[in-house]
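Following the hints, position chain B against chain A.
There are 2 protein chains.
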Amino acid sequence: MANDTPILYSYFRSSCSWRVRIVLAHKQIKYEYKAVHLVRDGGEQHQAEFRALNPLEQVPAFQLGDKVLTQSVAIMEFLEEQYPEHPLLPKDPWPRAKVREIVEMICSGTQPIQNLSVMNMAREDLPERVRWSHHWITRGLAGVEVILQQTAGQCCFGDHVTLADCCLIPQVYNANRFSVDMEAFPTIKRVANHLQGLAAFQAAQPSAQPDYPTDP
Amino acid sequence: MANDTPILYSYFRSSCSWRVRIVLAHKQIKYEYKAVHLVRDGGEQHQAEFRALNPLEQVPAFQLGDKVLTQSVAIMEFLEEQYPEHPLLPKDPWPRAKVREIVEMICSGTQPIQNLSVMNMAREDLPERVRWSHHWITRGLAGVEVILQQTAGQCCFGDHVTLADCCLIPQVYNANRFSVDMEAFPTIKRVANHLQGLAAFQAAQPSAQPDYPTDP
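Order-wise, the sequence lines are chains A and B. If you count the first sequence from 1, position 70 lands on 70 in UniProt numbering, and the numbers rise without skipping. If you count the second sequence from 1, position 85 lands on 85 in UniProt numbering, and the numbers rise without skipping.
Here chain A stands alone, though its shape is the one from the complex:
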């Protein structure tokens, strides 16, 4: 396995891909970036070449040799176990569980409901779609804020970066995109400000990816 360079199939703006990119950058894992454009030509994820690799037609997909893994949290947990340097889960059981609690509040409780395909089916017109995502992000982050008030230091849990932080930043980006009032979530805002200054988070952001559009 160590001989293979991992490949990440990613789209610059996909928040699930973004989470995995932060983990890869934080752990300083060398990998090949393969862009899958989710919009162009009806979505490259639906084309035969990518479907042969990932029949779920989604990014991220993580390839190691002839094996392919999908689903961002599963990929992050795999990376945490296989690349233990620069750990992203605390060793003690309770802090470890609290980090996973925050991860799940974002990755199950918030992002899936506000994402593009759900929003499109929920509402007919654009203002209503924006209202839909705004509602679910606000509701999800309100829960995260409650937990972070108990757990946060500089980061979501104490002062070290964890998987929770890797999930928080793409969700905050989505919140800003839908004009969610972040003043209501002072702990999230403070932690996000700290994380955005870190090298791994800068390397993983959409504008630093090879498929980020160069034309205005």
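A hint or two may mislead.
Because identical chains cannot be distinguished in the list, a pair is counted as satisfied if it fits within a single copy or across any two copies.
[Unchecked claim] Lysine to aspartate or glutamate pairs mimicking EDC-like chemistry, simulated, CA-CA at most 16 Å apart:
id, residue 1, residue 2
1, K27, E85
2, K91, E81
3, K91, E80
4, K91, D159
5, K67, D92
6, K67, E32
7, K34, E57
8, K30, E85
9, K189, D66
10, K67, D125
FYI, nobody ran anything at the bench for these hints, they're computed from the structure.
Structure of chain B alone, referenced to chain A:
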């Protein structure tokens, strides 16, 4: 920690509570069941007593001594690490990752979108609500079926019960509730039939819980 009897705050029909009940039963962990009725009196999860325990106002909540953990997958991962007997994750990295992939397809990719609060906000009238949940369950299970065709034996992954199975059964129950055509998912149907015969799954089902309604 070993001196405390764990408490599970649960609602008999909550699929997220149900997942955790299967894990507890499979691992033969003794616990106290505390029912939180999600509908009666506007929802007992919103009342002051429960909010003091879990400000997220959700079940399941898992209490050990003075510590409370929410979010079903975080609870399941905690139980897997703290009660290693009768394991629910394979030891080898790749099977382990594939089990978590299936867990996430159900717990992030399917259930959050079809659940009650999302359905209520998505659609005005009952037939439309049913159509909403039907759509997202069908879509989610179609993805699970693709993966299970590669991984399943008697169970979701090979012949041993894993966390994936603990998540599958409540989702199949929801599918049947919304009249999803399970003939389209022969592998899921076969695995679910096998699991439903196992003692842990029978002990965890809604009708076996103390808060299951006795009046018709």
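Outcome of the hint check:
| no. | hint | verdict |
| --- | --- | --- |
| 1 | K27 / E85 | within (7 Å within a copy, 31 Å between copies) |
| 2 | K91 / E81 | both (12 Å within a copy, 11 Å between copies) |
| 3 | K91 / E80 | both (12 Å within a copy, 14 Å between copies) |
| 4 | K91 / D159 | within (14 Å within a copy, 31 Å between copies) |
| 5 | K67 / D92 | between (31 Å within a copy, 14 Å between copies) |
| 6 | K67 / E32 | within (15 Å within a copy, 42 Å between copies) |
| 7 | K34 / E57 | within (14 Å within a copy, 41 Å between copies) |
| 8 | K30 / E85 | within (13 Å within a copy, 36 Å between copies) |
| 9 | K189 / D66 | neither (41 Å within a copy, 29 Å between copies) |
| 10 | K67 / D125 | neither (41 Å within a copy, 45 Å between copies) |
When the structure is compared with the earlier hints, violations turn up for hints 9 and 10 and for no others.
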